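A.B. asks: Chains D and Y, in that order, give the protein sequences.
Counting along the first sequence from 1, when you hit position 184 you're at 184 in this note's numbering, and nothing is skipped either side.
Counting along the second sequence from 1, when you hit position 201 you're at 201 in this note's numbering, and nothing is skipped either side.
No wet-lab data here; the hints were simulated from the structure.
No experiment lies behind these values; they were computed from the predicted model shown.
Note that beta-carbon positions come from the ideal geometry of N, C-alpha and C, so glycine has one too.
Some clues are possibly wrong.
[Said to hold, decoys possible] Among the chain D residues that face chain Y by a calculated CB cut under 10 Å, a handful are:
hint, residue
1, K167
2, L170
3, L181
4, I184
Listed below are the residues making up each chain.
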Amino acid sequence: MEQLLVIGERVVIFSVLVSALYALVALGFTMIFGVGRVLNLAHGAFLMVGAYTAWFAQRAGVDLYLAAALAVLVCTLLAVALYQGLIRHVQHSVIITLIATLACALLLEEIIKIFFTTTPQILQPFISGSIVLHQTTIISNRVLAFVASWVAIVLFWLFVHRTRWGKVILATAQDQEGAALVGINVRHVYTVTWALSGALAGLAGVFFASWVNLSPFMWRDPLIISFAIVVVGGLGSLKGSIIAAYLIGFLEVLMTYSPSIKFCADYRCFEFLGASWVGVPSLIMLVLILFLKPSGLFGRAHE
Amino acid sequence: MLRIENLHVYYGKAHVLKGVSLHVAPGEFVAVIGPNGAGKTTLFRTISGLKEHHHGVIAFKDAPLPKDPAQIVRRGVIHCPEGRHLFGDMTVRENLEMGAFRWDHRDMSDDLERVYALFPVLRERERQIARTLSGGEQQMLAIGRALMGRPELLLLDEPTLGLAPIVRKAIAEALQQINQDGVTILLAEQNVAFALADARRVYLLETGQIVKVGTPEEFRADEHVRRVYLGGV
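From just these sequences and the hints, can you work out the full model?
C.D. replies: Laid out in C-alpha cells, this is it:
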C-alpha cells in the first residue's frame, strides 16, 4: 500500500512535468496547422536540429544558455527556409505538402547521421543535481524544462491575443480570404508563423534533450506526440492542445509505471503493458477521439 | 475611376471572362447583373486580386491596379466578398477593427460611429462573436468591415443573397447612404429587380461577356431583360 502511494505520487509529479514539455513540443505544430492548414511532418526534425545545435555548440565550449539561443535561431531560419523554398509552392496540395515535409525530416535525419553518426549523445543540463519532493526525487533540469515550457506557452498566448501581430495571425487563421481583403499580406503572416513555429521547436528541442538522449531518430517521438495532441485537442486550439498534452503525458507516465505481464513461449516473450507500451495509450485515445469526436475535444467542425 | 478593358480570365481550361470591358465613374452606383455562373464573382475576385487574369487591363484612377490583394486594398479598392468571409471567432468590434488594418494605429472611433449609425444592430452586438450572428447581421458586419477600410471604390458581391425582405431593405437603404457619402459602388446582383432599384447604371453579364449596358429605365424597357430576368412583367 505504502509503495503504491509512492508510485502514484511519482506518476502525478512526472506527468505534470513532462506534459508541459509536450504542450510546448506541439505548440508550433498546432500553429502552423491552425493558420496555414499545413501538417508539418518536419516539426519533430526541427526539434532534433535544435537539440543537436545546442549539443554541438556546447561541445565547442559555448555556454548552454547561448547554445540554446543559437538552437532557437537555427531552427527559426530553417523553418523560414523550408517555407519560402518549398512549402509556399506546394501548400495548395495536402498530399504534396505531407510528402515534402516528411522528405525534409528524413533528409535532416540523414544529414545528422553523416555528421554526428547514430551514437546517442547527451546534452549537458542547464542545472545539475536533483530535488526531493516528499518521496520523489526529481532531476532539477526537468523542473527547469517544466517552468520554461509554461513561460513560453504563456508568452505565446499573450503574443497571439494581446498584440496587433497576434490578431493578424488569428484573423488569417480564421479566414485567409477575409484577411487578404482587409489588406493583410497573407504570405507575410505565413512566413512569421513558420518562423515562430521554428523558434518554439528549437526551444522545445533543447528541453526535450533533458528527458531523452540525442539521436538521429529522436524526431519521431515528438512528431507523433504533436500529431496526437493536435488531433485530440482539436486542430488549431491552444487550450485543447494543453489539455490534450496533459492527458497524453499522464497516460504515458502511467504506462511507464504500470506492472507488466510477460507471456513466454519457446524463446519468444511478449510483454503486456509496462514501459515498452508507453506510446500505446495515446494512440488508442487518438483512434477513440477520431471515432467519437473527429473535431477533437475542443475543436469545432470547420466548414 | 475604374476602367476594365478586354479582361480574360480562366479557371484551368474554362474561359470564364471573355473580354469584359466596363468603367465606373467617381461617385457612381453601378450594378453588374447576370445569372448564376455568368462570371460576376470571378470579375470581382479578379479586380481585388484574389484571382489572376491572363489578359486585359484593370486601371484604377488611371493607374493599373497591382496584383497583390493587400496592395489593392491600400489603393482604396475594397471588396466585400460573396460568403462574407468574416473572422468567425472574433467579436463584431474586433472584425471592424481588422477592417481598418490598412490604417495601422490611427484613431478609428469616427469610422466606428459611422458604421454603427448605418447599422445600429452592430453596436448592440459589439461584443458578440461574429459566427453567432444571424445571416443579415453577418452581412451588415461584412459591409461595415469593408467601410472601416475607407474605400473609394466598394465592390459588393451579392450582399442580400438569401436574406429576408426586411433585412434586404435595410441593407439597400444603407448602400444608398454609403453612396451619397461619396463612396463609389460596384454591385454584383443576381436578383435583377433589386439591382435595377438600387443602381443608376447596369451591366448585364452573360456567360463571361457584357451583353448590355444602360440605365435601369432602359433595362426595364428591354424585351430580352423583361422576358428572361423580370419574369415577363
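A.B. asks: Just to be careful: measuring from the Cβ of D/I184 to every Cβ in chain Y, is the smallest value less than 10 Å?
C.D. replies: 6 Å, holds
A.B. asks: Interface hint check: D/L181, Cβ to nearest Cβ on chain Y, cutoff 10 Å. Holds or violated?
C.D. replies: 5 Å, holds
A.B. asks: Given D/L170 as an interface hint, is the shortest Cβ-Cβ distance to chain Y below 10 Å?
C.D. replies: Holds. Min distance 7 Å.
A.B. asks: Quick check on the hint: D/K167 CB to chain Y CB, less than 10 Å?
C.D. replies: Since the shortest Cβ distance to chain Y is 7 Å, the answer is holds.
Checked against the numbered hints given earlier, this structure breaks none of them.
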